[in-house]
Amino acid sequence: PTLEILLCAFAAKGLRQTSGSTARNKIAALKAWHSANNWVWHGGDRLAQVLNGIHNMTPSSSIQPKRPPVTIQALELLALYLNHSDPVDVAILACTCMAFWGQCRLGKLIPISTTHFTNRLFPSWNSIQYSPNNHCTRVLHLPATKTNCQGQDIALVQQCGPTNPIKIMSLHTQINKSTPSMPLFSIKRQYDTLILTKKIFLNQCNQIWKGAGYTTFTGHSFRIRGTTHLLLSRVPPNVIKAMGHWLSNAFLRYWRAVDLIMP
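Mapping the sequence shown onto the UniProt record's numbering, position 45 (from 1) lands on 45, and the numbers just tick up by one.
Please note: incorrect hints may appear among the correct ones.
[Claimed, not checked] Listed next, the in silico SDA-like pairs over lysine to any residue satisfying Cα-Cα at most 25 Å (straight line): (1) K210 to M182; (2) K31 to C8; (3) K198 to L121; (4) K198 to P180.
[As the list claims (entries may be wrong)] Taking CB as the label site, the calculated pair distances span: (5) L15 to S181: 47 to 55 Å; (6) A36 to P59: 29 to 37 Å; (7) A32 to N206: 55 to 63 Å; (8) A9 to K199: 38 to 46 Å; (9) N203 to E76: 15 to 23 Å; (10) G213 to T114: 30 to 38 Å; (11) A29 to T179: 39 to 47 Å; (12) K31 to G53: 12 to 20 Å.
Simulated from the structure, these hints should not be mistaken for laboratory data.
Please read these numbers as outputs of a predicted model, since none were measured by experiment.
Backbone N, C-alpha and C define an ideal beta-carbon position, used for all residues, glycine too.
Whole structure, please, built from the sequences with the hints as guidance.
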């Protein structure tokens, strides 16, 4: 077993060179190795203090800039420019509204590419139903998530304006619905069905946004702004936390435009 003083020295090796999260990940890997070999773990308060110090002294070069969030205005721009009669555009708009209003990670709705697609990890047409308690609400079951291998239920409720997820999902169902076991965000074509991937999705979205002067967005931008938009709409934080299936208050760091929230 590694003595705590050696663990501290190992962690401190990256002081002022790497981020605190990098140091914590390395220590976590060592701890897992000790556990796998049934060795006693000697990391304690001293190691915790060293890791905190490394975090506080993280160089600016190791700090990633905050991801730009997708605003409701950017979402409405998609609704305006995407073709509501085109199967690909409709699937993209439906996925966009699901990720934003459902506070979903894009990677839980669609795969990076078709080679990364596994049926059991992504929602199918069977996964979305009307709520038994409210027929104006749709419930999407995600088969597996980052924090729950049993999956989670995402509730979609009516919203005002052109990005109403209930209306958009109904349009997507009308145009693209396939066999129940097919991916929810699949695209019906004349002779076959295409799976919507993050590459297709982000390329189309960013092409529209760039033309309007927006920056390039990533898949995580939808979830973080969906959370912020609900906060700005005066939805209670505990409700937002439950809707987004946040297991802790970590979602607080994703809130943007806090100055607009303050009275």
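Hints and how they fare:
1. Among the hinted pairs, K210 with M182 is inconsistent with the structure: their alpha-carbon atoms are about 32 Å apart, more than 25 Å.
2. Proposed proximity of K31 and C8 is supported: the alpha carbons are some 13 Å apart, at most 25 Å.
3. Between the alpha carbons of K198 and L121 the distance comes to roughly 15 Å, so the proposed pair stays at or under 25 Å and holds.
4. At most 25 Å may separate the alpha-carbon atoms for a hinted pair to count; K198 and P180 meet this at roughly 22 Å.
5. Distance hint check: the CB atoms of L15 and S181 are about 52 Å apart, consistent with the given range 47 to 55 Å.
6. Here the CB-CB span from A36 to P59 is close to 32 Å, well matched to the stated 29 to 37 Å.
7. The hint said 55 to 63 Å for the Cβ distance between A32 and N206, and at roughly 37 Å that hint is violated.
8. Taken as a hint, the range 38 to 46 Å holds for the pair A9 and K199, whose Cβ atoms sit roughly 44 Å apart.
9. Judged by the Cβ atoms, the range 15 to 23 Å given for N203 and E76 holds: they are separated by roughly 20 Å.
10. Separation of G213 from T114 is about 32 Å and conforms to the stated range, judged on CB atoms against 30 to 38 Å.
11. The hint said 39 to 47 Å for the Cβ distance between A29 and T179, and at roughly 43 Å that hint holds.
12. The hinted range of 12 to 20 Å is satisfied by K31 and G53, whose Cβ atoms lie roughly 19 Å apart.
Against the hints set out earlier in the document, violations occur for numbers 1 and 7.
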